[in-house]
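Sequential numbering of the sequence shown, starting at 96, is according to our numbering.
Mixed in with the good hints there might be a few duds.
Unchecked claim - Simulated restraints, written as ranges between beta carbons of each label pair:
(1) 169 <-> 319: 29 to 39 Å
(2) 159 <-> 266: 21 to 31 Å
(3) 300 <-> 185: 18 to 28 Å
(4) 285 <-> 320: 14 to 24 Å
(5) 310 <-> 173: 14 to 24 Å
(6) 230 <-> 187: 27 to 37 Å
(7) 268 <-> 216: 28 to 38 Å
(8) 243 <-> 180: 11 to 21 Å
(9) 308 <-> 236: 15 to 25 Å
(10) 295 <-> 215: 32 to 42 Å
(11) 204 <-> 162: 11 to 21 Å
(12) 320 <-> 215: 33 to 43 Å
As the list claims (entries may be wrong) - Heads up, simulated SDA-like pairs for lysine to any residue below, C-alpha to C-alpha not over 25 Å straight-line:
(13) 184 <-> 306
(14) 216 <-> 159
(15) 234 <-> 136
(16) 311 <-> 186
(17) 216 <-> 193
(18) 311 <-> 279
(19) 216 <-> 262
(20) 230 <-> 262
(21) 311 <-> 170
Calculated from the structure, these hints are not laboratory results. Glycine is no exception: its CB is placed at the ideal position from the N, C-alpha and C atoms.
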Amino acid sequence: MAVRQTKSYKPPKCPSNGTAARTRRLFKTQRAVKTFPASGCNTQRLNQTNPAFMTLTYRRLTPTDAVAYRALMLEAYDRHPDAFTSDVKERETLPGEWWENRLDNSNASTEAVFAAVEDNKLLGVAGLSVETRNKARHKSTLFGMYVPQAHRNRGIGYQLMCSVLEHARSRPELLVVQLTVTQGNAAAQGLYERMGFVTFGVEPLAVAVGSRFVSKVHMWKDLRE
Numbered sequence: 096m097a098v099r100q101t102k103s104y105k106p107p108k109c110p111s112n113g114t115a116a117r118t119r120r121l122f123k124t125q126r127a128v129k130t131f132p133a134s135g136c137n138t139q140r141l142n143q144t145n146p147a148f149m150t151l152t153y154r155r156l157t158p159t160d161a162v163a164y165r166a167l168m169l170e171a172y173d174r175h176p177d178a179f180t181s182d183v184k185e186r187e188t189l190p191g192e193w194w195e196n197r198l199d200n201s202n203a204s205t206e207a208v209f210a211a212v213e214d215n216k217l218l219g220v221a222g223l224s225v226e227t228r229n230k231a232r233h234k235s236t237l238f239g240m241y242v243p244q245a246h247r248n249r250g251i252g253y254q255l256m257c258s259v260l261e262h263a264r265s266r267p268e269l270l271v272v273q274l275t276v277t278q279g280n281a282a283a284q285g286l287y288e289r290m291g292f293v294t295f296g297v298e299p300l301a302v303a304v305g306s307r308f309v310s311k312v313h314m315w316k317d318l319r320e
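Construct the entire structure; sequences and hints are all you get.
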């Protein structure tokens, strides 16, 4: 992950009209922001320079991973009901065949799920679903993005997004990746923005969580850029 470090940086002189202090605070904040390479993801560099990455591998899941994938996603639905439209009680009743089909990695598959793996354990997952209707075949949707709390701050979410976007770009018919994120989830939305996603709307009353509702921010990325 590329991080801009500018210890010797000095903000430009500002007119003495009361904005100088605000500008200095802005530049101080910007120096702490982590940025990702605009040209794309560099997995090799990440693995070579950060010990936190060295034991991790990233791969597409297959039907043989269905049991582990199911367990991780049921955990996600249970611990973070605000973040997912799927409900843990609905998902846990689905047969094993449903989970295996979701991980179908044949050429005919319209879904692909990628995972961060360490010591044969899934530390995070993210999926991409491709539209099959003729008028929407240029679109795809991110789904099931989850990294457990214990494994965050290792760059796993970033690299999972890299895997998803690389897969999307490998399909020449795809021009768009869309996603939704719960309004107020600043960490997730910030990651998506740094990956090049742009907000195009907010859906109120999007998901019912108990007796309340949460809104969803809709974002998209143009794969032609």
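Violated hints, by number in ascending order, as checked against the structure: none
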